[in-house]
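*Asks:* Chains as they are written, first to last, in my numbering: chain A, 1 to 302; chain B, 1001 to 1492; chain C, 2001 to 2661; chain D, 3001 to 3214.
Please keep in mind that the hints were generated in silico from the structure rather than gathered at the bench. Any given hint could turn out to be false.
[As the list claims (entries may be wrong)] Incomplete in silico selection of chain C near chain A, CB under 8 Å:
| hint | residue |
| --- | --- |
| 1 | 2394 |
| 2 | 2405 |
| 3 | 2438 |
| 4 | 2439 |
| 5 | 2441 |
| 6 | 2442 |
| 7 | 2531 |
| 8 | 2555 |
| 9 | 2558 |
| 10 | 2576 |
[Said to hold, decoys possible] Listed below are the simulated EDC-like cross-link pairs for lysine to aspartate or glutamate, each with C-alpha atoms no more than 20 Å apart in a straight line:
| hint | chain 1 | residue 1 | chain 2 | residue 2 |
| --- | --- | --- | --- | --- |
| 11 | C | 2107 | B | 1443 |
| 12 | A | 47 | C | 2548 |
| 13 | D | 3199 | B | 1095 |
| 14 | D | 3213 | B | 1303 |
| 15 | D | 3213 | B | 1095 |
| 16 | D | 3213 | B | 1302 |
| 17 | B | 1365 | C | 2155 |
Note that the Cβ used here is the ideal one computed from N, Cα and C, for glycine as well.
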Amino acid sequence: MDAEALIHIGIALLLAPLFLGVVNRTKAVFAGRQGRPLLQAYFDLAKLLRKGAVYSRTTTWVFRAGPVIGLSAVLMSLTLLPFGGQGALISFKGDFVLFAYLLGLARFSTVMAAMDVGSSFEGMGASREVTFSALAEPVLFLCFLALARHTGVFSFSEMLPAISYSTWTHAGPALVLVASALFLVTLAENSRIPIDDPNTHLELTMIHEVMVLDHGGPDFAFIQYGSALKLWAFSALVVGTLLPIGGIDLPTGVVLSTAGTFILAVMVGAVESTMARLRLLRVPQYMAGAAAFAVFALVIAL
Amino acid sequence: MVLLGLIFIPVVMGLLALVLRHDASRRLLLPVTAVIHSALTASAWFDAPGPVWGGWLLLDGLGLLFLSITSALFLVASFYAVGYLGKEDRGQRQDFQEGVIFSNAPEAAFVACLLFFLASMTLVTLCQHFGLLWVGVEATTLASAPLIYFHRHRRSLEATWKYLMICSVGIALALMGYLLLAIAVPETPGTGVPMVVSELMRLGTSLHTVWLKAAFIFFLVGYGTKMGLAPLHTWLPDAHSESPSVVSALLSGALLNCAFLAILRPLQVLSAAGEGPFGRELLVFFGLLSMAVAAIFILGQEDYKRMLAYSSVEHMGIISLGVGIGGGAAFGAMLHAVNHSFVKGMLFMVTGNILAAYKTKNTRKVQGMLRLIPVTGVLWVLGFLAITGSPPFGPFLSEFTVLKGMLDTGHTTAAVMYLLLLAIIFIGMTSVVLKMSQGAPSEAHQSMASREIYATVIPPALLAVAVTVLGVYVPLPLQALLHNAASLLGGS
Amino acid sequence: MYLLVTAIVTLGIGGMAALLANRSPRLSSAIGTSGAVLGSALGLVSAVTCLYSGGTAPLELSWEVPFGSFSLGMDALSAFFLLPVFGLSALAAVYGNEYMRAYHGRKSLGPHWFFFNLLIAGMALVVTARNGVLFLIAWEVMSLAPFFLVTFDDDKESVRSAGWTYLVAAHLGSLPLLVLFIMLGQTSGSLDFSSFGAAAQAAPGAAGILFMLAVVGFGTKAGFLPLHVWLPEAHPAAPSHVSAVMSGVVIKMGIYGILRTLTFIGPPPQWWGITLIGIGLASGAVGILFAIAQHDLKRMLAYSSVENIGIITTGLGIGLLGRSLDQPVLAALGFGGAIFHVLNHAMFKGLLFMGAGSVLHSTGTVNINRLGGLHKKMPKTSAYFLIGAAAVCGLPPFNGFASEFLIYLAGITGGTTLPAGGAVTAWCVVVGLAAVGGLAALCFAQAFGAVFLGEPRGSLADKAHEPGPMMLVPMALLAGGCALSGLLAPMILFKMPSALSAASGIAKETVASGLATAFDSLTFIVLVSAALITVASLLALLRRRLLEGRTVGEAGTWDCGYAAPTTRMQYTASSFTQPITALMSQVLRIKTRTTAPSGLFPAGASFETATPGGTREYIYKPVFNGVASALSRFKWLQHGRIHLYVMYIAITLIALLVWKL
Amino acid sequence: MGIWVDSTIIFIVLTNFMLLASSRLAALVRGVALQGFTLGALLLLTHSDNLTYRVWLLVVAAVGIKGIAFPMFLKRTLNNINVHREVEPYIGYSLSILIGIAGLLLSLWIGSRLPLPGPIVSTLAIPVAFSTMLTGFFLIISRKNALTQVIGYLAAENGIFVFGVTAVHSSSIWVELGILLDVLVAVFVMGIAIHHINKEFESTDVDRFSSLKD
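Could you build all of it, start to finish, from the sequences and the hints given here?
*Replies:* Set out below in structure tokens:
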């Protein structure tokens, strides 16, 4: 583990909410609105952290533990994530399995918290959340496999930095496929359009938002911050796959990657403003499409 | 002398039974005779008794094995019978199946016939002379027919008539076989060759093959009828289901073995003449056929005594299959003869108790034995597990050995069919037995059930213990005897 | 070794004594329990010493049974399997002592404890037997004992039929094993394991046949698809501590059997590994899908056992693949993951079944849709169950993750380094595990959520209460075990090479070097887990500090302005799983029964679903009925007409004469 | 000499057809009696070269049991159970005769397959023996009355006896006697059974025996 890795974690902790801001601003631009301030997410967090809390009589410690465990799991997942062509804080063979399962733990705890309030709305949200992520999980692993197969190593910190011009020259198409598959997974896992709509407040159509209806105050702050970090982590993955900056020096790498990440944020915004939300029944097909990309990328590697 | 004693003591006792007037003392004759008989048999284990009547009677390995089985089973059965006769109410009473009024045959005749039955079976196990053997087997039929007709109602009469007619016909064929065998003996100047196993085996290949084969076919069909090989088994389920349980136990456990012994004798000669494979092939064929037919009728059987009868057909099939395969399988078959006799004897005695408690032979009407008559229930389940060849009971070892013999000699198809049929029969029996033993008994039965008495529970329990022991420990002397018997059949 | 024999004898004596003390349920329970615990303790000691000293002297006694010899042996593999056998059984015995109190006076408990101890002894013998006949007898004892345990409550028709299914499956499953051992002994003539080596070379196809025999025979016990039919029937029917033992260790005996057979039949061709992987993934996927669709908590757990057996088998499969492609790393990881998962599954599945048992014990039902809100009534049980659920979903930091990680690593290694054929298989392993993992999370989220969280869905939960210490302590220990063996995974892995080399036939050093990478990874994982716990506690502290002195209110659950919410409006488990079950309806074939509301003032409406399981419905029933009807066509043979009977004789005679002369 | 043997043997065949053809039980009984006497004659003829006491003993026993004892016993039973004809057998009388002929042919074939070693009394001996046996079985198979079945059994027995007399030389007198005795007892027991059957079923029609089946 090397000290540079801490820089990336710092960047993530700082800029993750800004990512949301950029997304929203992009959507506003598309919609011809002025839109809320870029730093809105920060304001929200600050406000929430200052609030008290109201708990449902139904709930137990499970409800209270949910956000805490969720956030800490996401934080841990950050320590495994390479950035800017540098290794991650912690790296070992097969670390991306742990990465996926940490996010799984985060999801599990949130879902448990949702089930704890005994409301049909949140139950519904939880149900959809786990179902769709269960569908997304295999695709995610397919992407990881493809990366591993192409780079011949199997830990994040060796895989992503190993992607250089030469990699692109011989496996360019595959990388594009993997990146797009990862992008689709990113949208799905982070409850973005076309899977979920973070803005609407029609509970019946929502997934993530409805799941956390009953949280308030610091708990809700934790959840929001956690999901922001998660989104950041995923986009960092996509960017890491696309940017051939293996072995480049630290500052340039970091700058390039950060820039890339925000470009991705713009793309997300663009998608959200141009596409409509899929009907829930269509989601499996969406995942199948993503899987197809990843499998194709894998097969190329043979 | 021992041999004559073995035969004639039961006869004398039987005659005595006919003259005795007092019931209790007459019943007492059974255990007394049984004890003497088994004591003599036991003595034969330690010093082999010499031949009698110029070698017509001689106790070789096979004989000793089957004699021991018969004697042991009769010993247990005799005690059971005392309890059974004690429980039987005499005089007119209603038959639960057809509702007709019926009464028992005179007890004197019953006891006497039991003893004659023992004598005749003993004769079969002892004889080396084919003619005498035939006489012995026919005698068993005649002695046992009245036993089946103990309960004097139509069904038992029907069963008796079928038994009598079918077995007589079969045994007539066996007589034909005897004559054919006599022809197979080459003409020798001076006195003819005595029709004794050892003598004929000495002649070996000089016997006329065609006649020998013909003779064997007649023996097989003739004694096979008695032994219950399909499709000659037809009398068996009727006789077993209608006769008193103690008689069924003896028929299944002892008589069938004796009949098989009567087939094994000619097989010995056949093997000595170098025609062994001919006979073995037939035995394998009939063995599998019997198992198959048994499977047909065990599946969805509604009368538990008939189910056991068919299971006897199955196991006779297994035994002849084993002998037919030869080698280690022959050893397995001999062991299986022992195991089957004990288990089946026990099971039939148990059915007697079930019948007494539930007053029906219909499996659908029996439920919750483990609650109503616990000891009997446990014995029933245990016996079922044993008879279907589950460890740790004797039959598992023997069936396993037979299977091993088959696979080792490359009879793969036979082995597959064997396993398949065993599986089917297991499924068939489980569904029946579990339904009977588990659950809660109906109020009607709870009210009318009498509590179990020792005399009818201890004997089967003893057999159960024996079977369990045989499942985890086959004493060396027994193994030696089995090997000896198997070697007489050209096995190992 | 003599220690083990003593243990087995102790178990036997305990069982017998319990049977004799049948008159007094209290006494017989006490005797039975103490016998089981004592015996298991002795056995554990012997196993552990064997693991540390690396093998003990085998025991060779002559035994007067054809082809039999009373030879016992304990290598690392046996010892490793003995750990869960004795460990879980002892805890289950303690648990059962209190669990069975409900039956005091109503039913005699002597037989129950007799068979319980018999079961443990049988398993111990199976694992240590070194002779075919001894193994088979032990195997069958181990298969028969559960039947009597399962049918303990035989007043219920469902229990009886479950018992029947179990017995038939167990017996049919043992038939291939007879053939297997006979064939193994054919070349050498002896049925001692020591002489089995030559069997595989006997004929070209021999090894393959032996392998398939083992897969079918042992697979029936382990619950491979589609041989698993008995499992979801028997487990719910049995008393919960029995289900715990059956699901935790008995089915693992099938895995042991396959491992042991593999040591006899020489180097594996590639298709063995692929076959096992196929079976494993199929069992995993189908198992978890059916688990999701169940409403009966114990049935659900049973299906989840099928799933976990699938994971274990997948591990074995990729291990075998590694051996056949001689990739020691792959082999080590695959076998390592499988065997480690055997241990872990024993812990968390035992725990979960005990948890379900406590629910059943206090509420009288395990129907997920009728429960809810039990967390407040029985917080400890709920906490333990939650830990078990997290573990079975393979979530860090619990042990489930550690063992699944090894298999993942094997898959990834293979998928990255192997040439085409092997690689694709390895990919399937990884993706399959991922899918199964995701579904498992869904399954246990709904189970725990619906049973323990939210509000009670009816009056059943009113009388719910925390069970007594004898039921709680075993659960607590198991929960601790789940966490501990998750955090101590590297150490456990460190002790495993000897067991693995015994299983895989690869030199111990090679295995150790193969596991080295996994060792590092696990160490890091432990590190992260520790960090996770610390961060979590820090965040918790932060949260408390933030909320200090602020208004923390209590209110009803936010219901989007609906006027009169009732607890029956909660999302039920069935509705929770509806999206996935609807998606997989082709596989599940769910039966639904609906009475739609009708009229202006609808009286009652109801909607029921049941997922009986396809194999039983669509494979076994037709086959059995087919055989039955085919055979019953011949029933006319016994028509009762004597003259025709005589004709049979004549025909047989003439036929034979014509045929043979 | 041989001509006498042959003619006796042929006479036996005729008695077979008589058994097959006749519906009246009395006639059947007479037929068996006739066969019994014929067997005695056959015995004498075959051993005419050396008529030892042994042969005479056998002749007396055979004729006494098969020719006299059985018919009388059967007649008595016949009178107890006042049935006099075989009502509607399964197979009609004319067809029975045809089948009897077929049986004879089959027996001839079997006889041809079994070349008799050593001196042959008559080439017909074995076929006739077989056909007599088959006739007996056929009676059991095709007739309904218990008594007819017993008679069938006797006929089969006679066939075997013919075989023994004509084909077998080396055989022990004791065995022969034992066999005769056994058959005697057998028939006796069957008679008792018939008696009971008549009592229970008010008929000796075994067609009613079909309550025991699956």
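*Asks:* Using Cβ atoms only, decide whether residue 2441 of chain C comes closer than 8 Å to chain A, and label the hint accordingly.
*Replies:* 6 Å, holds
*Asks:* Close enough to count: is the Cβ of residue 2576 of chain C nearer than 8 Å to one in chain A?
*Replies:* 4 Å, holds
*Asks:* Would you mind confirming whether the straight-line C-alpha gap from residue 3199 of chain D to residue 1095 of chain B stays at or under 20 Å?
*Replies:* The hint holds at about 17 Å.
*Asks:* Against chain A, with CB atoms and a cut of 8 Å, does the hint on residue 2555 of chain C hold up?
*Replies:* Holds, about 5 Å.
*Asks:* Does the alpha-carbon distance linking residue 3213 of chain D and residue 1303 of chain B stay inside the 20 Å limit?
*Replies:* Holds: residue 3213 of chain D and residue 1303 of chain B sit about 11 Å apart, inside 20 Å.
*Asks:* Tell me if residue 2442 of chain C is really an interface residue toward chain A, meaning its C-beta lies closer than 8 Å to one of theirs.
*Replies:* 4 Å, holds
*Asks:* Would you mind confirming whether the straight-line C-alpha gap from residue 1365 of chain B to residue 2155 of chain C stays at or under 20 Å?
*Replies:* Between residue 1365 of chain B and residue 2155 of chain C the Cα gap is close to 16 Å, so the pair holds against 20 Å.
*Asks:* Assess, step by step, whether the Cα of residue 47 of chain A is no farther than 20 Å from the Cα of residue 2548 of chain C, and give holds or violated.
*Replies:* 16 Å, holds
*Asks:* Could you check if residue 2558 of chain C really has its C-beta closer than 8 Å to a C-beta on chain A?
*Replies:* At about 5 Å, which falls below the 8 Å cut-off, the nearest Cβ of chain A leaves the hint on residue 2558 of chain C intact, so it holds.
*Asks:* For a C-alpha distance cap of 20 Å, please report whether residue 2107 of chain C and residue 1443 of chain B respect it.
*Replies:* 18 Å, holds
*Asks:* Regarding the hint that residue 2394 of chain C lies at the interface with chain A, is the smallest CB-CB distance below 8 Å?
*Replies:* Hint holds; residue 2394 of chain C Cβ to chain A Cβ min 7 Å, cut 8 Å.
*Asks:* Against the 20 Å threshold, does the CA-CA distance of residue 3213 of chain D and residue 1302 of chain B hold or violate the hint?
*Replies:* 11 Å, holds
Consistency with the previously given hints is maintained throughout, with no hint failing.
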